[in-house]
Amino acid sequence: MISGLALVKGIADRLTRELGKNQAWVHAAEGYGPGCAPSIDICQPIVIDNIAALLYPTLSAIFFGITLHTPDQRRRYYFLLPLVIFPILSLNSARDLGLPIGIRTLWTHGVLLYILHVTSLLFIEQWPSSRPSHRSLKGLGVWWFKISTTLDLWTNFRMIESHTSSQKIKSESRITFILLKIVKLLIYYYLHTALIPTLTQYLLGTISSKDLAISHRSLFAFTTLTTRDFSIRTYFSIHWIWESYIYLDSFHSLLSIISVATAIDEPSSWPPLFSSPHNATSFRSFWGKFWHKLISRSGSNYGRFIARSIFKLRSGSQIHDAVIAFVVFTLSGLIHSFVAWHHHVKSWDRDFRWFLLNFGIGVLEKRVVGWMRGMAKRFEILREFQSIEQSWMGSLLGYLWVLGFFWWSVPFWQYPRLEEQALQREWWSGYVERLRVIKESRAVAV
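For the sequence shown, the numbering used here gives the first residue as 6, with consecutive numbering after it.
Wrong hints could be hidden among the right ones.
Claimed, not checked - Derived Cβ-Cβ restraints for the label pairs, each shown as a range:
| hint | residue 1 | residue 2 | range |
| --- | --- | --- | --- |
| 1 | Gly103 | Met380 | 57 to 67 angstroms |
| 2 | Leu208 | Leu185 | 23 to 33 angstroms |
| 3 | Glu130 | Trp247 | 44 to 54 angstroms |
Stated by the list, open to error - Derived DSS-like pairs: lysine-lysine, alpha-carbon spacing no greater than 27 angstroms straight-line:
| hint | residue 1 | residue 2 |
| --- | --- | --- |
| 4 | Lys371 | Lys294 |
| 5 | Lys317 | Lys371 |
| 6 | Lys351 | Lys215 |
Just so you know, these hints were derived from the structure itself, not from any lab. Idealized CB from N, CA, C, for every residue including glycine.
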């Protein structure tokens, strides 16, 4: 009993250190203000931290495999604690390995999505343990079968079926797949680092902290809105979509190149992360069809569990579906808020509030469209109304509606952190300028 308590206390202490120790380190390493230049002792990579950074994800995969291949559902709960603890301990792995801040943010997102994925798959869906057939044992063996099935499901958030085939894939198809992904990555790099920044600088100039101040981020006060304010709002209402798209799709493309090049997966195992922008002609289709589905399955499973097991709602009813959507948006907001808090964004709470706002707008859109269709049916013009919905005019109005919502709400969500970044750049720019003036004055004095 005492050893068990000591183990729990040790895990709790480790969790506290992992979640709390990075505040001073990140503020020092990323330049959050004056006097925060990191010392050699703080910034020098430590071998044990690097080992731990790789150990925790490995242990999480091992325990996932053990739990997956435990056929007794009740015994699976014995492994619930390590299934959650080791991913939490790996939250700082990307930082300990010295990876850039953008990859650290993606890593934190991935860890939280992974926790949702494994708990949903193993304890809500109760995914059955796979058993090898005699055919699969030819040249593979039971252990290799267990390892391969574990890797197929370990981080398969979208639960894409593995398209295995007895026929060999033509080398041209793999080469074509890899070349297309590489070309896409190069295009992304050029657009994100050269073309778009140049066009932004040409059209908007330097966006300062004054352009992002509190007076410009209100949801309702537009009395002092200038042409520049309108342009900057329009830019950021699209920029957040592009930035999320390019980061996630680039990471997805890089992983697919590695998996296909090493013959771990087939090209068909890596379908696009996002669908066509043609599917973003309404608010609900933007999130439900165009956007990635990394949280859709696990979030929906949690939503169904809450709707059926807690609220005892009938499957397929409007309130049942609304609860599922609410849970998905709530989990998305909590994940984004935690990531922002973990990386020391002061306005981390706005992520959660913005995603709840998205849920409310989705419900409103469904109600309004349903009312309009009902009125069209009442006046016997339903066919004409549906024709407009499916025409280019309906698509254009849909795009304007989606963009209009983001134009209205994204400043409330994004401007505080953008202002914080702008203030940091301005501080360092002023600091460098002051050093230059001091150096010139000393040179004149000499």
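Going through the hints against the structure:
The hinted range of 57 to 67 angstroms is satisfied by Gly103 and Met380, whose Cβ atoms lie roughly 60 angstroms apart. Range check, Leu208 to Leu185: Cβ separation about 31 angstroms, and the 23 to 33 angstroms hint holds. About 34 angstroms separates the C-beta atoms of Glu130 and Trp247, a value inconsistent with the hinted range of 44 to 54 angstroms. Of the supplied pair hints, the one linking Lys371 and Lys294 holds, its CA atoms being roughly 15 angstroms apart against a limit of 27 angstroms.
Straight-line distance between C-alpha atoms of Lys317 and Lys371 comes to about 24 angstroms, which keeps the hinted pair within the 27 angstroms bound. Annotation: proposed proximity of Lys351 to Lys215 holds, straight-line Cα distance about 18 angstroms (limit 27 angstroms).
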